[in-house]
Amino acid sequence: MKLTPMMQQFNEIKVKYTDCILFYRLGDFYEMFFDDALLASKELEITLTGRDCGMEERAPMCGVPFHSADSYIARLVEKGYKVAICEQVEDAKEAKGLVKRDVVRVITKGTVTDNKSLDERKNNFIMCIYEGKKGYGVSVADVTTGGFFTTSFHKDEDKSVIDEIAKYNPSEIIVNEEFINKDVIRNIFDIKPHTHSSFSFEYANALKLLCEHFKVKNLSGFGISQDELAVGSAGALLNYLYETQMNDLSHISSIKNYALNEFMFLDISSRRNLELCETIRERSKKGSLLSVLDKTKTSMGARQLRRWLEQPLLNISEINKRLDAVAEYKNDTLLREEIKELLGGVYDIERLTGRIVYNQANCRDFISLKKSIEHFPRIKNMLSSLEAGLNKDLYLDLDTLEDIFTLLDTTIAEEPPISLREGGFIKDGFNEELDRYRFVKNKAKDLLDELEEREKTATGIKNLKIKYNKVFGFHLEVTNSYSHMVPERYIRRQTLANAERYITTELKELEDEILLADEKINKIEYDLFTEIRNTLAQEISRIQKSAGAVSILDVLQSLGDVADSNRYSKPIMNNEGGINIKGGRHPVVERLSKEQFIENDTFLDLNDNRLAIITGPNMAGKSTYMRQVALIVLMAQIGSFVPANSAEIGACDRIFTRVGASDDLATGQSTFMVEMSEVANILNNATKNSLLILDEIGRGTSTYDGLSIAWAVLEHI
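Quick note: the sequence shown uses our numbering, first residue 1, plus one each step.
Simulated from the structure, these hints should not be mistaken for lab results.
Any given hint might turn out to be false.
No more than 27 Å apart at the CA atoms, straight line, and that leaves these computed lysine-lysine pairs for BS3-like [claimed, not checked]:
1. 192 - 16
2. 256 - 159
3. 116 - 340
4. 155 - 208
Label-pair restraints from in silico Cβ distances [claimed, not checked]:
5. 468 - 439: 12 to 22 Å
6. 344 - 259: 31 to 41 Å
7. 608 - 677: 23 to 33 Å
8. 79 - 613: 48 to 58 Å
9. 243 - 204: 11 to 21 Å
Yeah, the Cβ is synthetic: ideal placement off N, Cα and C, and Gly gets one too.
Let the sequences and hints guide you as you build the complete structure.
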């Protein structure tokens, strides 16, 4: 096929982005182009178009309207493809020759920002894993909210990589070339890790990029300056985001370094068996612990609660700060209901900031931001009356952003159109030039009528009319019977059978104003919109800080609401290592069961009562009882009240569960092998402060051997 200049330019772009489907903007359409490997994908061809993709000529597969491209992109990304968006990057009026086009963004599973493709109550994380000689560095980011976290651990803790993936449940994973467990990750999580350039993982390069991005001389303020593994993974992740997102990522304004020993350790089996965020069988939220605790009113709060649930605390003072704050909302129903009502009017500010940075925000997003900020002064006023330390911290962190509210309130119309092309989104009275052009546009008929009347009076031509056609524009039409009265200042434009058409200087000037009004209005409005968006982008850190305070407030009121509704009690936390629960209940089963839940006590300590053996017939509730103990401990350590009459809990550093088993065909392990692997993991990693839930040890083999294994495990513990 003979290549046009446009197609030649496409080939240049294709060399740079060979593994992407290219969405190439041509007027009001996106044409889709594919590299050789993608062109050979019959699954892609059949799923998307059901038509021939022109492999021989390497022609565009099909075209889609640009305004509906998101749905096509979402389907492609969901299948694991990358999509490169190619746009015109210079003004066609100023271009010499071919208008310059370039890739402006590459969309992947971990960098999707379209709200329709995302679960608003769940983070969309992208993870970077760096395997070095001394160990592993792990970094995760959510480009929709700006969250950025990093940690590292030793080489002998390689299983922690799997547990960190289970904790964050990322949509996309990138690794360095030396990482050897790609197949393991793919088998367990059905995610194919993407290998990124080794150059970006090198400490010097990663350090330089991170310092430049955060505008600091070193990373001491983030606590990772000497951590080569954390710096390597964080720098490589940021480099990947720069390469794909192609903007300054200013909403990623900080990086939080965390240590694995800051939070309770939960391995992948325990997270699954305790059904924290989703059930084992249906993988749905309903029936999980999260479904019971989530009474949040905002998407930000829902995501924050999920993060708390995935990372229970170990620090007793921090746990008690949360518990004291929750107590204030539990005990004051009126305050809680007023806060819930206000939070109901707060939109997803965290993701709005991401849309602003990505230049994807429209005026309706600005109105959502304004309506959200409008509630901040009242929320802050309510927080001022609270005494708990964490609530006081929220009061100080919540910036009411009144200057931003004023900016949006004075500029953006209350009900703006979705598309910026439609215009009419800037309020009247904000810009004099804009108001003048709007006056001309809206009063065009009146202005023309006034001019017509003046000309009739000045010339005495009673049947003079101002008319319009596409060839001559606006003109004065005079019949032949009045031709002798036409003044010299009239300029003849056309002769008809029974009339003449003229123009005047005044009419031409008015025509220019009327015909250019739309163009001028659109340009002025867009320039003002861009200026407002840039102003908001400079205040991203302030907006994010307030959004973070609101999200924590939402979680606290949610936990207070659940505690009040479900008769939960405040646990007493200590470091003594014991568990003393009076009248404990399973938080999920009691909500789903139609029958009254029977309360049970639990007493464990570090002396003679370290071990409890639970026996009974099938369906007696043994597994429910054991799980409820684990869930009560976990709930207490996220700062939640617990389903019990009273509870004294020594903070557990780890919760291990060995519940049920089945063949693991992906890794070629039998039921017994899976069970023994999990038991070995528990025996090798449990400490004196760990809580172990072992349900029917040895069930995967014969009765005699199984009993022997269970006996030996219990003696060892």
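Now for the hints, and whether the structure bears them out:
Of the supplied pair hints, the one linking residue 192 and residue 16 holds, its CA atoms being roughly 22 Å apart against a limit of 27 Å. Restraint check: the Cα-Cα separation between residue 256 and residue 159 comes to about 22 Å, which is no more than 27 Å; the hinted pair holds. A threshold of 27 Å between alpha carbons decides the hint, and for residue 116 with residue 340 the separation of about 25 Å falls inside it, so the pair holds. Between the alpha carbons of residue 155 and residue 208 the distance comes to roughly 25 Å, so the proposed pair stays at or under 27 Å and holds.
As the Cβ distance of residue 468 to residue 439 is approximately 20 Å, the hint placing it in 12 to 22 Å holds. The hint said 31 to 41 Å for the Cβ distance between residue 344 and residue 259, and at roughly 37 Å that hint holds. Taking the beta carbon of each, residue 608 and residue 677 are about 31 Å apart, inside 23 to 33 Å as hinted. Separated by about 50 Å at the C-beta atoms, residue 79 and residue 613 satisfy the suggested range of 48 to 58 Å.
At about 19 Å, the beta-carbon gap between residue 243 and residue 204 stays in the expected band of 11 to 21 Å.
In terms of the numbered hints stated before, the structure departs from none.
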